[in-house]
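> Sequence:
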Amino acid sequence: MKKLKRLKKIIDMIDEYTKEIKSELDKTNKEHKKLMMESTSKLIAEIARGEDLDELMLIEKYSNKSKIKQIGIISKDLSKDLSKDLSNDGSTDLSDTTEELLSCMSLDGTDYFYEDKLNGVVFNNKNEKVGEYKDGQIKLNH
Numbered sequence: 001m002k003k004l005k006r007l008k009k010i011i012d013m014i015d016e017y018t019k020e021i022k023s024e025l026d027k028t029n030k031e032h033k034k035l036m037m038e039s040t041s042k043l044i045a046e047i048a049r050g051e052d053l054d055e056l057m058l059i060e061k062y063s064n065k066s067k068i069k070q071i072g073i074i075s076k077d078l079s080k081d082l083s084k085d086l087s088n089d090g091s092t093d094l095s096d097t098t099e100e101l102l103s104c105m106s107l108d109g110t111d112y113f114y115e116d117k118l119n120g121v122v123f124n125n126k127n128e129k130v131g132e133y134k135d136g137q138i139k140l141n142h
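Numbering (full-length UniProt numbering), first residue to last: 1 to 142.
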């Protein structure tokens, strides 16, 4: 019986060590991914500066995590407009609403923000509607 108890104790110790090793591996893996993403972002930024290209376009085009790296922004003015519209509807509590972030792209030095959904709206940096997002393409009104 002493051998059985000793074996159980050894198995418990091995299980603890296995959990610790897995935990350390997970931490190391997360740190490695973070470092790789940072170095990739730095490299893309340097290439964009050196070749005089749009950094956001390069990130979207060449980054493995383009969906994660895509910048989601609601500018302060647009956020204020949204809160004004909500308060006009009689609802002043913004905590009950869900906030949808706009995706960002830059074309000829001008930033455009768009809703990444079917029949989404495209805004310029002055929060004016300048086009629409259909079938994965942005169509600007000129």
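What the hints contain is simulated information worked out from the structure, not anything from laboratory work. Heads up, some of the hints might be wrong.
Okay, derived cross-link-like pairs now, EDC-like style, lysine to aspartate or glutamate, Cα gap no bigger than 20 Å in a straight line [said to hold, decoys possible]: (1) K126 with D116; (2) K2 with D12; (3) K61 with E24; (4) K34 with E24; (5) K126 with D108.
Every value quoted in this text rests on a predicted model; they were computed, and no experiment measured them.
> Within a Cα-Cα threshold of 20 Å, do K61 and E24 meet the stated pairing?
Violated, at about 33 Å.
> Given the hinted pair K2 and D12, is their alpha-carbon gap at most 20 Å?
holds (15 Å)
> Quickly compare the C-alpha distance for K126 and D108 to 20 Å and report which way the hint goes.
holds (16 Å)
> Is the Cα-Cα distance between K34 and E24 20 Å or less?
It holds: about 15 Å lies between the C-alpha atoms, which stays within 20 Å.
> Would you check the hint for K126 and D116, treating anything up to 20 Å between C-alpha atoms as holding?
It holds: about 19 Å lies between the C-alpha atoms, which stays within 20 Å.
Hint violations for this structure: number 3 only, all remaining hints satisfied.
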